[in-house]
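*Asks:* Residue numbers (our numbering), protein chains in the order written: chain A, 1 to 598; chain E, 1 to 283.
If you are wondering where the hints come from, they were derived from the structure by calculation, not from laboratory data. As the structure is a computational prediction, the values presented were derived from the model and not from experiment. Every residue, glycine too, gets a C-beta built ideally from N, C-alpha and C. Take these hints with a grain of salt, some might be off.
Facing chain E, from chain A, some residues (calculated, C-beta under 7 Å) [unchecked claim]:
1. 348
2. 377
3. 415
4. 418
5. 422
6. 424
7. 427
8. 435
Computed list of chain E residues with no C-beta within reach of chain A, every gap over 10 Å [stated by the list, open to error]:
9. 55
10. 65
11. 77
12. 268
13. 276
Label pairs and their computed distance ranges (CB to CB) [what the hints assert, rightly or not]:
14. 75(E) / 10(A): 15 to 25 Å
15. 114(E) / 309(A): 41 to 51 Å
16. 454(A) / 151(E): 42 to 52 Å
17. 305(A) / 119(E): 56 to 66 Å
18. 248(E) / 455(A): 35 to 45 Å
19. 248(E) / 69(A): 26 to 36 Å
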Amino acid sequence: MTGNRIARVLLVIIFIGLIATPVVIKRISARRQIDRSAADAATSLARYGFHLQEVSHAAGINFVHQAPALDPKLEPIMPEVASMGASVSIVDFDGDGWPDIYVVNSAIGSKNALYRNMHDGTFKDVAPEMGIADVNQPGTGVSTGAVWGDYDNDGYEDLFLIKWGRPELYHNDHGHGFTRVSEQAGLPRWINANTAIWLDYDGDGLLDLFVGGYYAEDIDLWHLTTTRIMPDSFEYAKNGGRKYLFHNLGNGKFEEVSAKVGIDSHRWALAASAADLRGTGHPDLFVANDYGVSELYFNDGKQFHEVGKQTGIGFAPKSGMNAAFGDILNQGQYAVYVSNISEEGVLIQGNNLWMPKPGTSGDAIQYENLARDFGVELGGWSFGAQFGDLNNDGTLDLYLANGYISLDRNRSYWYDFSKVAGGNSSIIGDATNWPAFDGRSLSGYQNKRVWLNDGAGKFIDVAQAVGVADTYDGRAVALADLWNRGVLDVVVANQKGPVLVYKNTVSPDNAWIEFELEGTASNRSAIGAKVILYWNGQEQAQEVSGGTGFAAQNDRRLHFGMGKTPKIEKAVIRWPSGKVQTIDLPAPNQLHKIKEPA
Amino acid sequence: MSRTTESIAPASTPVQRKPLISLDNRYIAPAFITCILLVGHLSFGILESYPKTLLAIVTSIALELVLGRIFLHKWLHPASAYISGISVGILVRSPAYWPYVVCAAISIMSKYVLRVKGRHIWNPSNFGISVMLFLAADTVASLSIQWGNYLLPMLVIWVLGSVIIARLHRFHITGIYVASFLAFAFLRSWITGSPWQSEVAPITGPMYQLFIFFMITDPKTTVRSRRGQCMVVFLVALLEMVLRLRQVVYAPFYALFIVGPAAMLVEIWLDSRRENSAKAVAA
Chain A
1 MTGNRIARVL LVIIFIGLIA TPVVIKRISA RRQIDRSAAD AATSLARYGF
51 HLQEVSHAAG INFVHQAPAL DPKLEPIMPE VASMGASVSI VDFDGDGWPD
101 IYVVNSAIGS KNALYRNMHD GTFKDVAPEM GIADVNQPGT GVSTGAVWGD
151 YDNDGYEDLF LIKWGRPELY HNDHGHGFTR VSEQAGLPRW INANTAIWLD
201 YDGDGLLDLF VGGYYAEDID LWHLTTTRIM PDSFEYAKNG GRKYLFHNLG
251 NGKFEEVSAK VGIDSHRWAL AASAADLRGT GHPDLFVAND YGVSELYFND
301 GKQFHEVGKQ TGIGFAPKSG MNAAFGDILN QGQYAVYVSN ISEEGVLIQG
351 NNLWMPKPGT SGDAIQYENL ARDFGVELGG WSFGAQFGDL NNDGTLDLYL
401 ANGYISLDRN RSYWYDFSKV AGGNSSIIGD ATNWPAFDGR SLSGYQNKRV
451 WLNDGAGKFI DVAQAVGVAD TYDGRAVALA DLWNRGVLDV VVANQKGPVL
501 VYKNTVSPDN AWIEFELEGT ASNRSAIGAK VILYWNGQEQ AQEVSGGTGF
551 AAQNDRRLHF GMGKTPKIEK AVIRWPSGKV QTIDLPAPNQ LHKIKEPA
Chain E
1 MSRTTESIAP ASTPVQRKPL ISLDNRYIAP AFITCILLVG HLSFGILESY
51 PKTLLAIVTS IALELVLGRI FLHKWLHPAS AYISGISVGI LVRSPAYWPY
101 VVCAAISIMS KYVLRVKGRH IWNPSNFGIS VMLFLAADTV ASLSIQWGNY
151 LLPMLVIWVL GSVIIARLHR FHITGIYVAS FLAFAFLRSW ITGSPWQSEV
201 APITGPMYQL FIFFMITDPK TTVRSRRGQC MVVFLVALLE MVLRLRQVVY
251 APFYALFIVG PAAMLVEIWL DSRRENSAKA VAA
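Go ahead and model the full structure; you've got the sequences and the hints to work with.
*Replies:* Here you go:
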């Protein structure tokens, strides 16, 4: 053989090898998945340290979400334009020490539900008697979410109802009922929003409210004057709803200050969350946008500065549907998880796990997307996600809801979707240019993800193995220790589907600790307070949130798992007022109720 | 989409006036695609990331140089490989890095492996991207979104592209394809009942701009006769329509993947028959 011929043979072999590479990678990945197929409770407990059992019916929760029926002009693509609304938030509305559950409905005339925790494993819907059930009346729009915060510091969590329609603020009358105070508070007539969060952006001890619009606020989705309501680009749209920041004036009134403080965006916001990312004592604001880049606003206590590009997160436009913070490496720094769309053969955006770049912090903090490296990149058409230590091993895991539109299993809308998504703004922006859905699915019937954190930079999906087998169109996820057992249970709101309650059973070998904070100089809900727990030579930071994930709010109580026989050193609490409180040697396996010291 | 820039001049060269400002033809296509990349990225951030695009470009050029040296015994001009790399960098959408390397490598290597009678028959980046879309669908997608919200950038690219492709005497290929696509779009709309705007929508996107100006006009992988080129590109549009009726998302890539080499094989076979006839007559 001549040298040239040998080289040619080698070239052919390498060429074939390269072509085979994707197939080989796929097979290796599939083989790994087989090992994590469905297992019984005992096996999943032994293998992963926890097991989730869906108990909604047994717990007395039989809520099925209803989607809105919008203007008939949108009928051909109704499944898509009415594809969101399911939401869940956790609140102890009556202050009895047991988490309650609020879920919203999205059809005109449908009722929201407030499930009071009956302390015996069951819940009872008390929304009608509390006055927050019949909130989707004709002419007022429909609910798409809810967040709770004690805006008047009276010790009871008040309700802000997110709507495609008239936004509503309900004052909590000491757990005995709710009074609608929207007009007195100065809320606008109409917002088409999917996200809102409570935060005290200026540290004055009063909770402020951020609301992110999705559809433009001048659109009444039930009475359209134009069908040009769709995004004008699949990845660069800026014709969405405006953003609002309602500054709490302390007298039951709010002043809208977004323009004054530097928030000016018409991107299509789907999720927002706030946390102190730079150690300034002020909550920074992260907004995940559909049809575009995410936005990150640094907050100096008076002004917000959009630093998406500067920090690296505002570069590649995707379909942001979630914003959740988690100290996943126990380093005292938060990662930000943003969900996007991945559909094999059509669109692989991949979810984003924004990790602080090593060596960067403060105003110079930089983020890099390590979702692939950590194994949390592909989750189908992903929606709500939350970090929480599901097996109390000391590291934060990640629960992801997904699935967009589940109709005919055998017919997909993806081809038509991709066709229009590539079109010019003059085409994509008009709903009448979109082909009819005609009963087809779009990324429907998807398997959920329960990613278990190994603490060393890898997450593995164990959903099937630990008992999460539903394929509803998941939207919002909320975590709470529903029955005060020292474990995080999972509540999932599904679009046009049932609310699911996954009761968690965790290996008793693993220790835990919980903190319930109450502000005095800080806002009483303690939203924005950060607890850093030090044990076994490591630390984990968590922050009380006024709304996180997608259309969701976790319990305000902070839950830490610590693994086997932990040596706890201390817990440091950084209150929004600036006070720093240290609790030495807090006892494990119990809830610590901490009031901000004077 | 890689094109062999040395042979970018038309097969039959008409008498031409010397332009006032002259740019070597082999730099025109690289300059144009770089222009598209920069405008697209600086305006709208179209790239997945700089490193990924750079990875594809470096892989393409490095392989071209090495393989050219080994098999052709010369250092090849990197313009063609540059276009391949930049095309892969723009058209491949993946959160992972490896598809950019593998796709660029497959594209360039296909020129050296898949040859018939000394000619490579697949457009290199069409081959690479089609293989990746087909075999790595769980990791790779292609650019299928609009760059920005405005008509102006799109019009600039269309006008600039048309002028450049006309200068290279290949506008008839682009023109026939666009006309065929539009005709078939209305036919599809009539057949499926979808709004005609949705059928026309894809061609308004940047993926098609690259496909139309770079991929289907590649001199090395198109047949030589003008009539043949028109016929082939019409058949590409026709097969694309059939695939679209079957709801194949990447119909244009697959249509060219099938029709392009088939046309080349027919031409090679006809050339061979002609040579044999000539030899027989001579004998």
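*Asks:* Could you run down the list of hints and mark each one as holding or not?
*Replies:* Now the hints, each set against the structure:
1. 348: With a closest approach of 5 Å, the residue 348(A) hint holds.
2. 377: At 6 Å from the nearest chain E Cβ, residue 377(A) passes the 7 Å test, so the hint holds.
3. 415: 4 Å, holds
4. 418: 5 Å, holds
5. 422: 4 Å, holds
6. 424: 4 Å, holds
7. 427: With a closest approach of 5 Å, the residue 427(A) hint holds.
8. 435: Because about 4 Å separates residue 435(A) from the closest Cβ in chain E, which is inside the 7 Å limit, the hint holds.
9. 55: Fine: 15 Å to the nearest Cβ keeps residue 55(E) off the interface.
10. 65: 14 Å, holds
11. 77: Residue 77(E) clear of chain A: closest Cβ-Cβ about 21 Å, beyond 10 Å.
12. 268: It holds; residue 268(E) is separated from chain A by about 20 Å at its closest Cβ, greater than 10 Å.
13. 276: 27 Å, holds
14. 75(E) / 10(A): 15 to 25 Å: 20 Å, holds
15. 114(E) / 309(A): 41 to 51 Å: The hint (41 to 51 Å, Cβ to Cβ) holds, given that residue 114(E) and residue 309(A) are roughly 42 Å apart.
16. 454(A) / 151(E): 42 to 52 Å: 50 Å, holds
17. 305(A) / 119(E): 56 to 66 Å: 58 Å, holds
18. 248(E) / 455(A): 35 to 45 Å: Given a distance of about 44 Å, which is inside 35 to 45 Å, the answer is holds.
19. 248(E) / 69(A): 26 to 36 Å: 33 Å, holds
The structure shown violates none of the earlier numbered hints.
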